[in-house]
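In the order they appear, the protein sequences are chains D and C.
Throughout the first sequence, residue numbering follows my numbering, covering 1 to 126 in sequence.
Throughout the second sequence, residue numbering follows my numbering, covering 1 to 183 in sequence.
Please note that a few of the clues may not be correct.
[Unchecked claim] Okay, derived cross-link-like pairs now, DSS-like style, lysine-lysine, Cα gap no bigger than 30 Å in a straight line:
(1) C/Lys120 with C/Lys130
(2) C/Lys39 with D/Lys73
(3) C/Lys130 with D/Lys100
Hints in this document: simulated from the structure, not taken from any laboratory.
All of these numbers come straight from a predicted model, not from anything done at the bench.
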Amino acid sequence: MENMFIPAMERSPEVDFRFEENRLSLRGEAYPEDAAAFFGPLLRQLSAYCETIHGQELHVEFQLDYFNTSSAKALMNMIQILETAVRHGARVSLRWCFQKDDDVMREFGEDFSTELEHVQFQLVEI
Amino acid sequence: MLASDHHRMKLESNQQGIIFSFNGFISEGILFALGDALKKKMSQDETNICTMKRVFSVFVEQAQNIIRYSAETLAKAGQEVNRISSGVLTVGSEDGRFFVVCGNVMLREEAIPLQARLEKIRNLDQAGIKAYYLEKIKDVSDPASMGASLGLIEIARRASEPIQYDFLDIDDLNTFYCMKVFI
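Just need the whole structure built from these sequences, with the hints factored in.
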């Protein structure tokens, strides 16, 4: 599957999905004007990719400074897709990075981790 | 007259601790520009990073609620992008705490379920709000709401005291809805 790179914009994060290396990352702020238009293609690509990675190891990193509630729904959706990938035989780790003193993003990390049963989750202060 | 009227308005705003007050049609572009000014102002004032994020989050959710749910909107049915809608949006500080106020006209029949949602959220403690947030973020059964419930819960989560809200019937069809949140 072809890699996917979208540079960070004023209100959307950098998307760096290196499918060939099994490394995916999102970095920056997320409150796009149209969350469905921004995240829809990412979710579709991620789902399609996750069906192809049986037995492989996938590393995902989220380093987000802010996201609105429409984006939060999309992120939760991504996490559910990752969880399904594990059930289908992949090994998946998710690093949730937050800036020192950013209690809001740390707490979001904790919230999202409660949804994870099989994905290996790491909360990382940077 | 022109200068004295507007100077008086400005002084009144300043005395109320208002950072900015917007009244009129708001677009996603205006949301971004006001949010940018708000971040810069808070940053200049060396506001704590968590407070900044909480204020910004409440501001974004309230502004998006005006854009999406104000009855005074210039958008064709089904057209969600490039929507502009009328409302009031004020950010300020009072006794050392930030506040964000939003208001807009809405249909009276839509105000009834909103009031019920607000009442429910207002009666939850912080742990209850967090649990409700997690429940709603996973809820994909309600695509018509564009995530409004989650937005209100997010606002309550960032508030330092229960959210204040009020409704004023302005004619047979419409209600003016208003919310004030202290962070």
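Hint consistency between C/Lys130 and D/Lys100 [alpha-carbon to alpha-carbon, up to 30 Å]:
Given pair C/Lys130, D/Lys100 holds - Cα atoms ~22 Å apart, limit 30 Å.
When you check the alpha-carbon spacing of C/Lys120 and C/Lys130, does it fall within 30 Å?
The hint holds at about 13 Å.
Mind checking the alpha carbons of C/Lys39 and D/Lys73 for me, to see if they're no more than 30 Å apart?
holds, 24 Å
Consistency note: the structure conflicts with none of the earlier hints.
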